[in-house]
Structures are given as C-alpha cells and as structure tokens.
Amino acid sequence: MKGKKEHMCVQPEALNREALFTDETGNFRFPAEPEEGEEVAFLFRTAANNVDTVAFVEESSGKVTAMSKTNSDEIFDYYESRLTAGKEPIRYCFQVKKANEVCYYSRLGVEDELPTNGCFLLVPGFSTPDWAKGAVMYQIFVDRFCNGDLANDVVDNEYVYLKQNVVHSKDWNKYPDQFDVCSFYGGDLQGVWDKLDYLEKLGVEVIYLNPIFVSPSNHKYDCQDYDYIDPHYGVIARDGGETVNPEEFHNRNATKYMIRTTAEENLKASNQFFSRLIGEIHKRGMKVILDGVFNHCGSFHKWLDGEGIYDLSGKYEPGAYKTEGSPYHSFFKFNEQVWPDNNSYEGWWGHLTLPKLNYEGSNTLCQNILDIATKWVSEPYCADGWRLDVAADLGHSSAFNHSFWKDFRNAVKAANKDAIVLAEHYGDPSEWLKGDEWDTVMNYDAFMEPVSWFLTGMEKHSDEKNLRLFGDGNAFFKSMNYHMSRMMSGSLLTAMNQLSNHDHSRFLTRTNQKIGRITTDGPEAALEGISYGVFRQGVMIQMTWPGAPGIYYGDEAGVCGWTDPDNRRTYPWGNENMELIEFHRYMTGLHRTVKALRLGSLKPLLAGDHLIAYGRFLGESICVVAVNGHTKEQEMQILVWQLGLKDGESISRVMLTYESGYNVGKISVPVIDGKVVVTMPPVSSILLATD
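Each residue of the sequence shown is one higher than the one before, counting from 670 in the numbering used here.
Among these hints, one or two may not hold up.
[To be verified] What follows is a list of derived Cβ distance ranges for each label pair:
| hint | residue 1 | residue 2 | range |
| --- | --- | --- | --- |
| 1 | Gln941 | Asp1132 | 41 to 47 Å |
| 2 | Asp1097 | Gly910 | 46 to 52 Å |
| 3 | Pro996 | Gly1243 | 47 to 53 Å |
It should be emphasised that the hints constitute simulated quantities derived from the structure, not laboratory data. Idealized CB from N, CA, C, for every residue including glycine.
Kindly generate the complete structure, drawing on both the sequences and the hints.
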C-alpha cells in the first residue's frame, strides 16, 4: 500500500551455549588448589556481549552471587567472582541468564535445571603433586622387562608354589604358559637400571613398578615380606642350600629359597641396591611409584608362614598358621581354632594363597602397614608414591576402609609431602576422592574403557565386543564427561591413563576386534588382524587427553597379548618395532612441549560416526586433536573459535597418523570463519598446535 512503512522484525541473538565454559584448572580457577584462608578467583566464559548476567551458585547454601565482567576479547567475555577458602569443601556451579532464558553450568556442561550432580568441587588444602600432573608414566612388570643379573634368577625346583615346582624359562622370547604364575624369566631391578637410558630417551618421567617385595610368584601380588626387596630382583649376596625334589610338592626342604629370601645379607643388600637405583632414577629427573598390596598378603608371608619357610630358617617369630600363640594371630581372621597348620583363615575371594589382612582385629597390623607405607617414601629410599592394589576392598567395612585410607594419606604425606597416593579402582571413585584419601586412580572409567570401545568396539579384556559403542563419538564424549565429572581436576590431571596393563589385554591386540584368550585361541591369534593405524589413534588420544599417559612396557615396541597371563610377555629386546618406538618418542615429546597438553582445559569440538575432535588450551597454547575411524578419507570442519582461535590466525599440524605410518612435517592450517578444515586419511588422527 502506498505510503505504508515496512518494518523489519529483528530477532534477538540467541544464547550461545557452545561458548559457555569454565573448569577447575588454572585457566579458570586460581589458585587451582587453594589452601585454607587463601582468596580464590573463579572465572566464567561467555560469548562476547551475549548474556545479561552470570552468577556463582554455592550448592550447600544456595547462595547466588552476581559475577562481574572483568575482561573481554573479540570472541569472549569473562566474568569473575572471588571468595576466601574456609575449612569446608565448596560445591558450586554457575547460572547464566539471557532475557527469559536461564541455564546452569557444572562439570557435566550446560543444563536447563539447577544440577543435582556434577557440581564443581573445591577442597581447601587438597592438592596433587605437580610433578605427576600430565607426567609420562611407564609401567614395568619386572620379571618380563630385562634380565640384568643372571646370578639372582630363580632356578628350577627352587621351591613349590600352588603345588607346582617353579621353573626358570631358558628362552626369553617364549610365550607365557596358560598357567604362568610359577614361570620366571629373570627380569630384575638391575635390568631396569640397564635400560634407564632407553626410558629417558623414550620420554618417560615416572616409572611405575609392579610389586618388587619378597614374594614367591612372578607377579608378586602375594607379598612375603613388605620390609625387603625380593633378592631375586635385587642382590643375592649369600647363596646355598638345596632345591626341592620334583616329586615332593612341599617346601619343608626348600633351603635354597629359604636362604635367598630370609638371610639378612640378601635382604639388606637388596634394599641397599634399590636405594641406589632410586637415586640414579632421581638424578635423571624421573620418579618412582611402588605397588602397595595391602588388602591381602601371601600365604608365604612371615606373619602367616603357611609354607614353613621362616620356621625353617629358625630366626623369626612363629607365624599365625603355625601356632595360636603367634604374635601375628590377630592379623588374620581364622574360622576354626585348629593348630598347628591352621588353613581356615580368610582368603581374598577365597584364595588361600592370598590371605586377607584382618585390620579391624588388630591395631598393631594397622600401624605396621602405615610404618611400611612411610618407610619406602622416606630416606634412604624416597620413592615418590604408591599405587594401591584393590584399594576399595581393604578391610571388612566401608567405614573402616575410608578411615584407614585417611590415616594412610596422612602418614604418607607427613613423610613425603610430594608423594602420590594412586589407587586401583573399578567404578565410581568419587567417595575416595574428596581430598582426604586417595589423590587419584588408575583411570579405567574415564579413559581406558571409553577409548577402547570407541576405537575398537572391544572391552578391555578382549572378552566382549559391542558394535553399538564402536565408533560412536557421542557415546565416547558422554561417557568421558560423566566419569571425569566424578573427579576434581587435580585428580584428573594425575590419573594414570593407560591403553594396556598387566590385568587387561594389550591394546594392539584389541585392534583386531576379536574376542579371545590364550586358553581358547592360543598366543599367535593375539597378533592376527591387528591395526597399527588404530593403535596410533589410541596413542594419540592417550598423549593428548587430560591425565598422566601410562605406557605399559612393550606396548611402544609392538607387543601383543590376550589378557592375563598373555599380556605379561617379555620385552622383545632385539626384535622391537623401531618405528613404533620412534612414534612414541615423538608423541611423548609433543606431550611435554605443548603446554596445553599437560595442564590445559579440555573442550569437545565434534562428535559423529567414527569421528571425534577436541581441543586443549592453556593461555596462548592451543591444540586440536581429530580422529577419523573410517576406512575412507574424510573432510572434517572443526569449530576452533571455541578454543579462542580467531579468523586470520593459523595453527600448525605437528603430527598426522595413518595405517602405514605417521608424518611429523609441519603444515600451517588457517582459521577461516571460526573453523579449520582438515582432510583426514583413512584410520587416521591429527594433532594441530600453536606452540
């Protein structure tokens, strides 16, 4: 109509939820791990000029505090709130308002309702060791790593264990037997010392040793004496005695084993050797984590003496198996009062070779274990912490378990304030990660499991295949995000992120996507149909995900294997896959030099069918990781503005992996319209970085 004015209806800009971000790292909370009485600043990020208000919400009190905009750039606004840390933990989240839209932000991300789970957590006084945050760890199953001292090898028929005579394998490259616990290959601590140059060049910063204390098995999770390094791993200064008759399945005449494992000369010499070894490791700037098996000991243990080894020596107090009058009687729970040779004691999961320690029945036992825990992190050994075996099982009640680990933490930290307390745990660890018990965990739920399902569709033992989870990028991030939300950032950054270890199948074997075990398929099948491209993708995620990447000895050299005992094959010295080793050296080097990969924030960027991308950022250090699981080339458009990268800037490709190899040639990738575009080869991964 003539003369009628036309009006344009301008829709208000929507709340940009992808821009909302904060976490517990030093990017957005400082100090990240405050002491009581310290002022703490909390930052929250929004898109520039995109919200009306941001508020800090305390869960316990419901107090809502308006935050002030303190900084801005081309992409983001930053809001700040401050408070003084008191004695009590603070659970908190953030409230964001724009017009009539209200949302909340927790460790689970953006939510429409006030979160009931996943709030951020600040525990004044709780901190994890800085040296462990993002540290490259290397796990050594000592008997299978390197034989440095032939004189301390277990000899055939030295003693009987599980009604079998122990044997020394003459062939280092022999596959483990189906029943492997009594077979010894001769690896020892001298072998670890001999390979320190190799570990240093590999980029290892922390060595985690499977149990090394006196024990009759090759795995040593059945401790015989917590006070001494096993002379078979250390030094046999005095030898002699007789081996057992192959037809006699008892140890009443095992005098050679008795001398080797109870003679003072051997025990002291082994401890002294270990002290020197740790000194050499520390001199190289590396740390050492010991394996603490405190839920149970072994039936050979001097406190029980179920095999009569200590009775045979004639130099020790009688064990609880031998007499009711033993000073260690209360250390075990006996179901019947029948002596001598009382085998009615409680065994862990019913295994009589693994007597469960009866903490509730003995204050002396509790103190002994605390003394052992402090001994090995103190002079002259100064180990850098403990990995705790089946830590949630210790004791007979949840209340005692938590009480004991509080005492354990206090004792260890008092002896060595920088020691780490790292627990083996399956399932939700949050009840132990409240700041007064464990520092962190072996990261099964928030690393090993989701990575294995996404890249291979395989469960971590190779016992199950799930094609619904295989390549599901959304399920990968959902699982990761939930399980990561159960840990504070200090625990997350120190969590041991492994692809393989001594309890699960080798990751390289899982890439064949076959259900199998050594008992049903044989050892050779573990090498069939493997994918080096998928393996490299796993290493890429391992070296770029928040946490401490943990290499299981030999993974870097191409070792395969089904689950225990096949996963405990020997390191293939002289037959290593040198290309894989060199690849690991590149990846550990990038992990150490790209600052964001140690301490940076994590931001998922893309999730699809066999496709994921995520970013890490810390100040000016920004990196992007992308994974293509398809067997065809894929173009990926990744929204890097969410990391703070601006149009006109660029980021460099520093690593590209694919099925037949990898490429470290640097290529600049421009940022256009807030994104980068990368062409991904089949079964590939890429790392882009600004530094």
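Tested hints:
no., hint, verdict
1, Gln941 x Asp1132: 41 to 47 Å, "holds (43 Å)"
2, Asp1097 x Gly910: 46 to 52 Å, "holds (49 Å)"
3, Pro996 x Gly1243: 47 to 53 Å, "holds (50 Å)"
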